[in-house]
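Q: Two chains, two separate frames, one set of hints: put the complex together.
Sequence lines, in order, name chains S and B.
Residues 123 to 235, numbered by our numbering, are exactly what the first sequence covers, in order.
Residues 2 to 114, numbered by our numbering, are exactly what the second sequence covers, in order.
No lab work stands behind these hints, which were simulated from the structure alone.
Quick reminder that beta carbons are idealized off the backbone N, C-alpha and C, glycines included.
Some hints could be false.
As the list claims (entries may be wrong) - FRET-style restraints, in silico, Cβ to Cβ:
| # | chain 1 | residue 1 | chain 2 | residue 2 | range |
| --- | --- | --- | --- | --- | --- |
| 1 | S | Ala142 | B | Ser47 | 23 to 33 Å |
| 2 | B | Arg73 | S | Gly162 | 19 to 29 Å |
| 3 | B | Pro83 | S | Ser180 | 36 to 46 Å |
| 4 | B | Ala80 | S | Gly162 | 47 to 57 Å |
| 5 | S | Gly162 | B | Lys113 | 15 to 25 Å |
| 6 | S | Arg137 | B | Tyr97 | 36 to 46 Å |
| 7 | S | Gln139 | B | Gly61 | 43 to 53 Å |
| 8 | S | Arg144 | B | Tyr97 | 26 to 36 Å |
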Amino acid sequence: GAGVSQSPRYKVAKRGQDVALRCDPISGHVSLFWYQQALGQGPEFLTYFQNEAQLDKSGLPSDRFFAERPEGSVSTLKIQRTQQEDSAVYLCASSYRDMYGYTFGSGTRLTVV
Amino acid sequence: KQEVTQIPAALSVPEGENLVLNCSFTDSAIYNLQWFRQDPGKGLTSLLLIQSSQREQTSGRLNASLDKSSGRSTLYIAASQPGDSATYLCAVLGPYNFNKFYFGSGTKLNVKP
Numbered sequence: 123g124a125g126v127s128q129s130p131r132y133k134v135a136k137r138g139q140d141v142a143l144r145c146d147p148i149s150g151h152v153s154l155f156w157y158q159q160a161l162g163q164g165p166e167f168l169t170y171f172q173n174e175a176q177l178d179k180s181g182l183p184s185d186r187f188f189a190e191r192p193e194g195s196v197s198t199l200k201i202q203r204t205q206q207e208d209s210a211v212y213l214c215a216s217s218y219r220d221m222y223g224y225t226f227g228s229g230t231r232l233t234v235v
Numbered sequence: 002k003q004e005v006t007q008i009p010a011a012l013s014v015p016e017g018e019n020l021v022l023n024c025s026f027t028d029s030a031i032y033n034l035q036w037f038r039q040d041p042g043k044g045l046t047s048l049l050l051i052q053s054s055q056r057e058q059t060s061g062r063l064n065a066s067l068d069k070s071s072g073r074s075t076l077y078i079a080a081s082q083p084g085d086s087a088t089y090l091c092a093v094l095g096p097y098n099f100n101k102f103y104f105g106s107g108t109k110l111n112v113k114p
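Chain B on its own, in the form it takes in the complex (with noise of 0.2 Å):
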């Protein structure tokens, strides 16, 4: 059964930090990795869609990159500002099962004003 772990499981910055947050995931025949974000009492948004063909994607100050062989992802966040405090989860599409996403326990960010 695919694993995927995330460290660390929280993290508090003050605001201006570039951060870093690690997923790993034990199968590496994945489809693709997403990177999504849950606010308190919400549901989960998706930030960076990342195909298994692909090794990064980015969309504004956030940058995901993916290694499939070694089984690891990084989202790096630029300027973190107090509105980046949110749960951030990885999921993993696979392996074999295109239907199914495989989440990590997620890291939880508060950047400090």
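So here's chain S without its partners, still in its complex pose (with noise of 0.2 Å):
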């Protein structure tokens, strides 16, 4: 596609369920990163894989946190057993290779209630 694609845009999960957020990036583009921004802040590294190799994923910020690049193009970003400090937008990035310009998708509004 033309850009990174995130789903769903929008998310309500009650507090204690999973939930799975998707990022399609762009053809061709070895890498991708996870960021989470919460409100009026800027965005936070969460993980990063190079084609499906998950290289860096030292600011997951608990256990409940997993994602995976199975095929090394679609991600899947998995939170299980919710908790109100994880509502906020979930970032996709995605560049040809390393140090290149990034392209964000329009990101995933998470809130759990």
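A: Quick look at the structure:
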């Protein structure tokens, strides 16, 4: 596609529910990133993939967060047993190769009630 | 850990003014610096990317400078327009890890007609 596509755009989850957020990067982009953006803050790094390999997951806030990219294209960020503090916009970005310009998706706004 | 600070947090100006947004970072060993624009409810749009070896980049009415040794960047917007109203985010790549952007909290700009 022409850009990075994320779905759903909005998700409301009850506390304790599991959620899955999807990211379709630009075709051919090797690198894929997930960021979390709390209200009024800048995005914070969660995890990084190069093709299907998850090379850095140092930003994942707890073991309730899990990301995968099994075929080196689409990626899913899963949050188990959601908590209110998980409410944020989750942004996905991809790039052709490291240190090149990054293209961000429009994000998924997660609200945990 | 890299810390990125943006000043001011918010700015309201009349249309036509030239303005400067500031960004500072604590560790100068960066690979590049990027300025993004974020509209409400939207993802990030890349405005300018400055590699660590460069001093400035220009695109239309936008000019970004980088002084890596002092840990500072400025985004200059000439002849501001109401359509420039958005949040502007500064992000640095590095140090050491070229897979992770560190973002500031942004400057929310309102250009009044």
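Q: So the hint says 15 to 25 Å: do the beta-carbon atoms of Gly162 (chain S) and Lys113 (chain B) match that?
A: For Gly162 (chain S) and Lys113 (chain B) the Cβ distance comes to about 22 Å; the hint holds.
Q: Quick check: does the Cβ-Cβ distance between Ala142 (chain S) and Ser47 (chain B) fall within 23 to 33 Å?
A: The hint (23 to 33 Å, Cβ to Cβ) holds, given that Ala142 (chain S) and Ser47 (chain B) are roughly 27 Å apart.
Q: Do Arg144 (chain S) and Tyr97 (chain B) keep their Cβ atoms within the hinted range of 26 to 36 Å?
A: 31 Å, holds
Q: Just to be sure I understand the hint, the distance between the Cβ atoms of Ala80 (chain B) and Gly162 (chain S) should be within 47 to 57 Å; is that true here?
A: 28 Å, violated
Q: Kindly confirm whether 43 to 53 Å is satisfied by the beta carbon distance between Gln139 (chain S) and Gly61 (chain B).
A: 45 Å, holds
Q: Can the suggested window of 36 to 46 Å be confirmed for the beta-carbon pair Pro83 (chain B) and Ser180 (chain S)?
A: Holds, at about 40 Å.
Q: Using the Cβ atoms, figure out if Arg73 (chain B) sits within 19 to 29 Å of Gly162 (chain S).
A: Holds - the Cβ-Cβ distance for Arg73 (chain B) and Gly162 (chain S), about 23 Å, lies within 19 to 29 Å.
Q: Range first: 36 to 46 Å. Now tell me if the beta carbons of Arg137 (chain S) and Tyr97 (chain B) are that far apart.
A: 37 Å, holds
Taken one by one, the earlier hints fail for this structure only at number 4.
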